[in-house]
Each structure stands twice: as structure tokens, then as C-alpha cells.
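*Asks:* Single-letter residue listing:
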Amino acid sequence: MELQHNRHILKTEQLSFRYEDVKKPILKDVQFSLYPGEAVLLLGPSGSGKSTLAFCLNKLYPEAVDGELKGTISFKGRRLAEFGPGEINEYIGIVFQDPESQFCMTTVEDELAFGLENMKTPPEEIERKIDEALELVHLLPYKHSLIHTLSGGQKQKLALACVLSLKPDILILDEPTANLDPASSYELTRILKEIKKNQTISLLIIEHKLDDWVNLTDRCVVLNKEGEILFIGSTAECFNQYAEELLHEGIWLPSAVRAGLSGKKAGIYHGETLPLTDRELITGFANPSAALQILDNRKNKHQGPEEQIILSAEKLSYNKAGKDLIRNISFSVKTGEFVAIAGSNGSGKTTLSRLLAGLSAPSKGNILFNDRPLSQWKEQELRQKSGYVFQNPEHQFIADSVYAEIAFSLKIQQIPEADIQKKVQAALLQVDLLKCADMNPFSLSQGQKRRLSVASMLVNDLDLLILDEPTFGQDARTSGQLMKLLETKIHSGGSVLMITHDMEIIHSYADKVLVLSEGEKIYDGLPDALWKKDEIMEIASLKVPYIEKLRNDIGSIAGREKLALT
Amino acid sequence: MLLHEFNPSIKAFTVIVCVLILSVFFDPVTPFLTLVMTAAATFIFGRVSFKRWILLFSPFIFMAAIYIWSALVFSKTIEGETLIWTWGIFTLTEESFLRALSLGMRVLSFTSLSLLFILTTKPTDFLLSLMQQCRLPPKLAYGIMAGYRFLPLMKEEFEIIKSAHRIRGVPKARTFHDKAAELKRYTVPLLAGAIRKAERTAMAMESKGFTGDKNRDFYHKISVSWKDWACFAFFIGVILISAYISWLFGFLQFYNGEL
Amino acid sequence: MLEKWKLREVIVLSVLAVVFAVVYLAFLQFGNVLYGMFGLIGYDLIFGIWFIVSIIAAYIIRKPGAAFLSETIAAAIEVMIGNAVGPRLILSGMIQGIGAEAVFAATKWNNYRTWVLIAAGMGSSVTSFIWGYYISGYAALSPGYVTAMFFVRLISGALLAGLLGKWMSESLAKTGALNSFPIGKELKRGKPENGITA
Ligand SMILES: Nc1ncnc2c1ncn2[C@@H]1O[C@H](COP(=O)(O)OP(=O)(O)OP(=O)(O)O)[C@@H](O)[C@H]1O
Ligand SMILES: Nc1ncnc2c1ncn2[C@@H]1O[C@H](COP(=O)(O)OP(=O)(O)OP(=O)(O)O)[C@@H](O)[C@H]1O
Ligand SMILES: [Mg+2]
Ligand SMILES: [Mg+2]
Chain A
1 MELQHNRHIL
11 KTEQLSFRYE
21 DVKKPILKDV
31 QFSLYPGEAV
41 LLLGPSGSGK
51 STLAFCLNKL
61 YPEAVDGELK
71 GTISFKGRRL
81 AEFGPGEINE
91 YIGIVFQDPE
101 SQFCMTTVED
111 ELAFGLENMK
121 TPPEEIERKI
131 DEALELVHLL
141 PYKHSLIHTL
151 SGGQKQKLAL
161 ACVLSLKPDI
171 LILDEPTANL
181 DPASSYELTR
191 ILKEIKKNQT
201 ISLLIIEHKL
211 DDWVNLTDRC
221 VVLNKEGEIL
231 FIGSTAECFN
241 QYAEELLHEG
251 IWLPSAVRAG
261 LSGKKAGIYH
271 GETLPLTDRE
281 LITGFANPSA
291 ALQILDNRKN
301 KHQGPEEQII
311 LSAEKLSYNK
321 AGKDLIRNIS
331 FSVKTGEFVA
341 IAGSNGSGKT
351 TLSRLLAGLS
361 APSKGNILFN
371 DRPLSQWKEQ
381 ELRQKSGYVF
391 QNPEHQFIAD
401 SVYAEIAFSL
411 KIQQIPEADI
421 QKKVQAALLQ
431 VDLLKCADMN
441 PFSLSQGQKR
451 RLSVASMLVN
461 DLDLLILDEP
471 TFGQDARTSG
481 QLMKLLETKI
491 HSGGSVLMIT
501 HDMEIIHSYA
511 DKVLVLSEGE
521 KIYDGLPDAL
531 WKKDEIMEIA
541 SLKVPYIEKL
551 RNDIGSIAGR
561 EKLALT
Chain B
1001 MLLHEFNPSI
1011 KAFTVIVCVL
1021 ILSVFFDPVT
1031 PFLTLVMTAA
1041 ATFIFGRVSF
1051 KRWILLFSPF
1061 IFMAAIYIWS
1071 ALVFSKTIEG
1081 ETLIWTWGIF
1091 TLTEESFLRA
1101 LSLGMRVLSF
1111 TSLSLLFILT
1121 TKPTDFLLSL
1131 MQQCRLPPKL
1141 AYGIMAGYRF
1151 LPLMKEEFEI
1161 IKSAHRIRGV
1171 PKARTFHDKA
1181 AELKRYTVPL
1191 LAGAIRKAER
1201 TAMAMESKGF
1211 TGDKNRDFYH
1221 KISVSWKDWA
1231 CFAFFIGVIL
1241 ISAYISWLFG
1251 FLQFYNGEL
Chain C
2001 MLEKWKLREV
2011 IVLSVLAVVF
2021 AVVYLAFLQF
2031 GNVLYGMFGL
2041 IGYDLIFGIW
2051 FIVSIIAAYI
2061 IRKPGAAFLS
2071 ETIAAAIEVM
2081 IGNAVGPRLI
2091 LSGMIQGIGA
2101 EAVFAATKWN
2111 NYRTWVLIAA
2121 GMGSSVTSFI
2131 WGYYISGYAA
2141 LSPGYVTAMF
2151 FVRLISGALL
2161 AGLLGKWMSE
2171 SLAKTGALNS
2181 FPIGKELKRG
2191 KPENGITA
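Residue numbers (our numbering), protein chains in the order written: chain A, 1 to 566; chain B, 1001 to 1259; chain C, 2001 to 2198.
One or more hints might be untrue.
Sample of chain B residues facing chain C (criterion: CB under 7 angstroms; computed from the structure) [claimed, not checked]:
(1) 1066
(2) 1123
(3) 1196
(4) 1199
(5) 1202
Don't read these hints as lab results, they were simulated from the structure. Backbone N, C-alpha and C define an ideal beta-carbon position, used for all residues, glycine too.
Please build the complete structure, drawing on both the sequences and the hints.
*Replies:* See below:
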């Protein structure tokens, strides 16, 4: 590869990192280099140490945390240890995984100015640089906004603008799209592509969902569960040759690769290597239309939900701070039904779910749970029958250890200690957290936190579970595990109401989908029919699931061929 | 010319000097006149709405009332003062009445000066000015600013903790004992959350290259001009005029160790 | 003084100060009620609460200046969010902070046993009382009453600042939020050191 001949800009040698209170090192002998102008994907299962590595590369660790770092990291041949405080941050910028925790000022403008002042930018140039950076991420109209009034997606874009304004040589992005709606996350990759085209910048991107990224990145670095390097090489090589190993580690594959792999297993894909693009995939099929049938991983429709309605909302409205956040929404959830809620960032999904969980009271309208108005339920009785998972997993935590977190509600119900222990162990095993049982919930990785918050609700036998984006930040294995748990819930007669930005999940699991836009319900029906409504998809910043996209592509290719024949 | 536009550090200095000068006088009239004039300045040059002002001011009226009451009831009786009223062990003399009244007025005049400052100054500007004019170390100033940012979040945080407990089916507190336990269940996580956020903010600041270096060029420059000193002189003038009027009417009295 | 502080410590300090500024403001209203019920001495009953951040910050951060700075910043923030006592309050905060700081200084900032924390709370009581005597005019009151006020405040400082502060810091350490501070490490080791009785 041509880039390899350049001199590396960042290099780690035998890098190991251990958190003080954990015996086993999180990173072991990690060795890789980053070259000027290239984009590298850092892959690995949840909890493998990707974020930890990102912090080490930026010299934030080991200073900000009690841990022990061995080996060396060097930037342009100079060891990080030799850089003075704050010096390296001029060259290496980072966008943190948690969008809430990376701002230190109150307004957008001040936040950007803060970084520029730190870099000793002459004050008269600062204004221009601020405008430039905001323009790049389309946030200029929000220059004077207060940061805490921005939506999740806007915060993520602002974080990006902050680092970009400093013009770093290396940019580290830790799951920059985890909470974005499909359109915004596509937009973000587009912005990065533009930047990469216009300036020499090296990108190190940590992501789970790869579809939008594969054609932007040059190389992949893959970590395994143990925090060792599994593979380093070009993106194409990585997915063409090592797809099965990656899958085994629980790492997501780009959709085309995954489809190619299952096609290959079914004996219908005849390409030489696994495909990276849809075009490659389609040409690899002898009969593309027939392949679609096999590839469609939609769950078999279960017996069809019973007609019993468990939750119904009637003409809900909610306003706060003079804004109508929810407007006149009615719908119902039946027993055994899996209902998904989708919509763009800031459309009111979380607000609606809080109303349904009885955490805030609607300004107008009624909510009936088991045919009884929510307001007439006794708090404790209600919580034994319905559960809620917050969008931010940390909001769920009230205990000081992972074990105690799950045992908490069991203890309230006065279940015997021995039973609690059994139940908790089983739950931890299901979400792959058994080895973290004694840890503090707050020191888990982002994905582990998410799983813990879901698990803490799943231990109870609930009739209805409301979840706010329960699968973000998960690797392929843990995401599968979570969805299986939810399916089990459905099969045992429970109902699930789930907010998600993941169209694949809606396609594969949902019986019904609601789409919100600016606090209003703009769609309520089968997912299949939704994919055909272009206007709604556009307004709500949605994206068709991969299989639909493939169907359309095949259709248009076939159409063109037909056209060519006539 | 709005009060908001003056240099925050000099404004704060003005208020402190005014308070110090005021505490030299000890009669009810001087502070009363200062109070009236300061309040007027706040409304005219600060464009502060009366509603907002009185909302913050009223607790101090209550406080002043208690001050007066306390000073009356528990006052030292000094021989040779003019008696107005006695009832059992309570005695009220003209002098002690005036003393009590002065104390109350003092509290209120201090309050009005402070309100003038608070209601016309943006906290971030004040901190910037402290860094630029008073050489406050940036490490501390930005630390305080980061801390200040938590304020609007604290209410939110409290709601979140409450929701988390409700979701887990923690029974509602009814008895006093339960309520006390609930208070602990809320305050400790609230503080713990604040500390966690603080550590993360520190990391975010470091990742943006903040070192606490004292040589810092600022984007927002807070300047000092002759107008700021004119403002300073104006308020000192207000107090001196109050004292003069008080003297004209024969009330003026200096503080000499009664308190 | 601040050069030896890590940024993390400075920010934790000021966040503590902000949180307690709000608490202080709330207690001001409560104090007014007690004041109304018992007269001036009603204030002294709860006066200790206004020193608590000194004790907590010093106990957690354990660096010279923690007690003084935290109290001062708390007062400054209180002024900014609308305690109409105004900039003068900052001076009161400094004086209260000096009282506690002096006690920690006497142990060269490396003893944080229970009795030291209690003494620090009382230290603030002493300095704040002297200041109050001057500024709020306690001399106008009868000497017996003033003495009673002083002792009530001393006890309040010991209990509400010293003991309550210690207890709160330790409850906080148990949540794991202080793991990177000495107090959290002591708790993890389970070894009582510098006065932790876990
Ligand atoms: N402060 C800490 N103390 C102890 N262990 C920690 C701490 N932070 C993280 N860990 C552990 O280190 C491991 C790696 O965490 P890290 O956040 O780097 O994972 P990750 O690869 O980014 O995962 P994810 O994809 O879920 O974000 C996890 O098992 C986590 O539990
Ligand atoms: N406390 C609040 N005060 C005022 N406006 C609010 C408040 N909370 C949320 N909003 C606004 O309500 C709208 C809906 O917010 P909500 O969190 O429900 O969006 P969402 O659909 O869950 O978005 P996301 O996909 O980013 O999670 C947003 O525009 C947001 O700015
Ligand atoms: Mg991570
Ligand atoms: Mg949401």
C-alpha cells in the first residue's frame, strides 16, 4: 500500500494498559501506526478497550485515571511522555464517546473560543475560525445557543466542530454516531469525507455500525476481547478475508459483507471474495431476486398478537417551557406486540416514552395501562408490571456495584436471598457481564453500561417494557443477545415498546412502527409499508433497511437492463 | 448607558467600597436614602423590572424586621436613655429604637447595592473580568465556570435520580423517618454525580489543551475605561449626599463601637 | 498555591462549592425561620452547616487551601446566584474558611482524623463569630446572650460541619465517585488511615 511508505505520524509499541483496581490489563501489547492523511477504523467487541486506547493515545490516560501504562506511544517520532502538559492536544483531537461529557462552557461560541484560546490563537482570528468550524458542521445558526438546549445529535456535531477548529493532525472519533438518526449519521460521514479531501488529517474512527464508513476508511485495526490486536490491514482485506473471524469475535460487518457471507453459506453467492459494495454483492449473485428471499432475516411473524390491548394513549399532548413537545398522539400496544418508535433527533421520542412510563404527566389526554388510567395506579404496583429503560444508561443506576444494581428491585420485592443470587447470575450471564459483577456501574464501558441498564429491567417479570434506544453502542453479539432477550419477553406474553434509530431492528422484529416528527405522529402501521413512503422517510430522517435498499438496487439494475434490451 | 456595560470587577469593587463607607455611619436616614437612590439607579440605569427586584429583596425586608425585633428585645439597657415603653422585663428606649432601626436599614441598603450588582452582571463576564483585571488564575476561574455550569443541570439531575428510584419501584416516603432516608438516597447520588461530571469536565478541558497557563489572550476582552471610574465616583457620591442630607436634618451619627 | 493542584482537583473543588452554595442559600431561608422563632440564637443553631464545604473539600482533596478556597468560592457563587448580602458575603466566606484552614494547617495538612475535622468546624465557628460580632453588631446585645450564642455556634460547627461533613464525604466515597482521591483509596483498602473508620 502506498501510504505505508510515508513516515508514520503516530506509533504505539508494546502498549499495555491496566486500570488500578483490575488485575488483568485491558490492552495487551498493542502495536500499530497511523500515517498522515489516512483514515483508520478501530474495531473491537464492546468492552475490548477501544475507548481506553483512544484516551491513551491522547495522553489523557494515565493522568486522568489511576492506571498503569506500559510501552511507548510516539507522535512524529517523539514520545508522548516528552510533551509538556496540553501540548499534544494541539496535534491530536478527540471526540468522546459520551456526548454529554465533553463541554466546559455554556454557549456554543464560548466553547469553541475556549479551545482556540488554549492554543494561543490570536484573538482577532478567533471569530473567523469559529464561524468556519460551525459552517462546516452546519451549526452556524446555533452560534449563540446554550449548549444544554441542543439535541443529542447537535451536541455530537458541536464536539466535532470544536476539535476541527483546532486543525489537529490526528482526529480520534469515539462512536460519533451512536445516538444520531440515520440521516444525521450519514451526514457526519459526508462532512468528514469533505474535510479529508481538503486538508491532510489522519482519522482514527471507533465505530460499531460500519456501512457509512467503509468507503471512507483505508485501513482497519481490530482488537479482540482480550485487548490484543487481532488484525491490521486494508479495509478490503479485512472484510474480504477475515469476515468470519470478525463475526466470531462479535464484531459487526458492513451489511454487504454480511449479506455476501450468508449468501456464500447458502451457496448462492459466487463472487471470488466477499463484497464490500452493493454492486459487487449483486453481481456475485446468479439470481439476485431469489437471493433476496434467502437473505431477508425478518423474524417469522409469530402467531399474530392477541387482540388484548395493554397500553393505549389517547390524544396525548405535552408542553414544557412554552413549547409543544408532544401534539395529539393516539395509539395502542397489544399484548405480545413489539412496537418500535422512530423519528429524527429531537422529534420527541424520549419525551413521549416518559409520558407512557408515567414519569411525567401529559398536559392533555389519557394513558390507559391494562384498561386503567395511569394516574390511578399505585406506584409500586405499576412498577411491578411495567418497566422503563432510560436513553442515557447512567440515569438508570442507583447502586454501587453491577451485582447490586440488578439485585436492587428484586430486594424491594423481598425475594429470598438465594433466589436473588441465582436470578442475578443468570441475568449477568445473558448480557455478558458476569466478569464485571463487582465493578462500579460507572466504570463500565459505554456498551456495558447500556446492557446493564437493560438487564436491570429484564430480571423482573414485566407485562410491558419501554426501552429508549436499548441497543446503541453494542457489538453484533451483544446486540443479538439483547434482541433475543426481548423476543423471549414477547413469546412469554409480554409487550415491548422500543425507541430506536436502527432500521434493521425495526425491519427484523417490529410488528408495528410509529414515526414521530416535531412531536406529532406521522405514521402508525406496518414497517414494510413505511419503507415505501418516501416522503415520511425523508421528513423523519429515516433510511430504508439494507434488504429494502438491495431490493431497490436490484430492481433498478434489472430495469436498466430491460431498458438496454429494448 | 446601561449598568450592564460597566466593568464587572470595578462594579464589584464599587459595591464593596460603598458597603464599607456605609458601615461608618450609624443612623437610620443615611442608609435609607442610599437604599432609595440605589434602587432608583437599578431601575433606571439597569432596566431591571421591579417584580424581579422585589422578589429578591423581600426576604431581606423580613430579615431586617427580625433584626429590628431582636435588637429591641435583647438590647442592652444603658442608663440615662429616654424611656418610651416598658412591659415586664422588656424596656424600650428612644435610643435603642433608633439603633435597631439603623441596623435594619443598614441590612436593606447593603442588599440594594448587592442587587444592583447581581442583576446587572453576567457571571461569565465577571469571571472573565476577574481574570483580566484582577489576575485571578485561569485554572481557578475556569474551574468555577465549569462548576457554575452545573447549576441549571442540578435540578435536572435531581429529577433523573427521582425517576430512577420510581422506575425501580422504591415505595414513596410517607413517614418522617422514610423522608429522612429518602433525603440521603437523593443527596448522596446527586453529589456523586456532580463529582463524576467534574472529573469528566476536567478531562474535556485537558483534551482541548487547557493547562491553566497564566499568559492567556482572551477572545472576549473586558475593558476598563474612565466611565467605570465615573460610575464608581457616582455611587460614592450617592452615599456622601445621603450622609449630608441626614446631617442637614440632624440625624447623622457615626458608628462608635455601639456594635 | 494552585500550581500543585491537578485540574481535576480544582474542578471538583469548585463543583462542591457550587452544590453547597445552593444548599447554603436554601438554609438561609430555613435560618430565617429559626431566627423568627428563637431570635438571633436561632441562626447559631444551624450556623455549622455554612462551614460544611470546607470540611468536605479538605477531607476529599487534602491539599493546602482546600478548606479556604471552597468556602470562598461557595460564598462567591452564592452571591452570583442571588444571595443579596452581596460581595460582603465573600469576605464572610473567606473568614469562615480561614478558621477551618488554620486547624488543618496546624496538622501540616496530613491528619484528617475525626477530631481534626471537628476542630476545623469549630475553628470556622470561632472566626465567623468574631467577624459577626463586629459586622452585625452583637455588642448591642446583652453579654450573657452573646456568650450563649457563641457556645451554640461552637457546637453547631462541631456537629453540622465536622461530623456531618465527615459522614457525607464517606457516604460519597462509598458510591465509588471518589475512587481516584485518597479517601476513596483508603476505603477500598479498608484500612483505616487518617481517621477513616470504615
Ligand atoms: N475506570 C475504569 N476502571 C476499571 N475498569 C474500567 C474503567 N473503565 C473501563 N474499564 C473496563 O475496561 C474495559 C474496556 O473499556 P472501554 O471503555 O475501553 O471499552 P470499549 O472497547 O470502548 O467498549 P464499548 O464499545 O462498549 O464502548 C471494560 O471491560 C471496562 O469494564
Ligand atoms: N426540558 C426541556 N425543556 C425544553 N425543551 C426540551 C426539554 N427536553 C427536551 N426538549 C426538547 O424537546 C424536543 C424533543 O426531545 P426528545 O429528547 O424527546 O427527542 P428525541 O426524539 O428523544 O431525540 P433523540 O433521538 O436525539 O434522543 C427537543 O427539541 C428538545 O430540544
Ligand atoms: Mg467505548
Ligand atoms: Mg431520545
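*Asks:* Next, verify each hint and record whether it holds.
*Replies:* Structure-based check of all given hints:
1. With its C-beta approaching chain C no nearer than about 5 angstroms, residue 1066(B) sits inside the 7 angstroms limit, and its interface hint holds.
2. Restraint check, residue 1123(B) versus chain C: the minimum CB separation of about 5 angstroms is within 7 angstroms; hint holds.
3. Hint on residue 1196(B) holds. Least Cβ distance to chain C is approximately 5 angstroms, under the 7 angstroms limit.
4. Interface hint status for residue 1199(B): upheld, as the beta-carbon distance to the closest one in chain C is roughly 5 angstroms, under 7 angstroms.
5. The interface hint given for residue 1202(B) is met, as the beta carbon of that residue sits about 4 angstroms from the closest beta carbon of chain C, less than 7 angstroms.
Of the numbered hints listed earlier, not one is contradicted by the structure.
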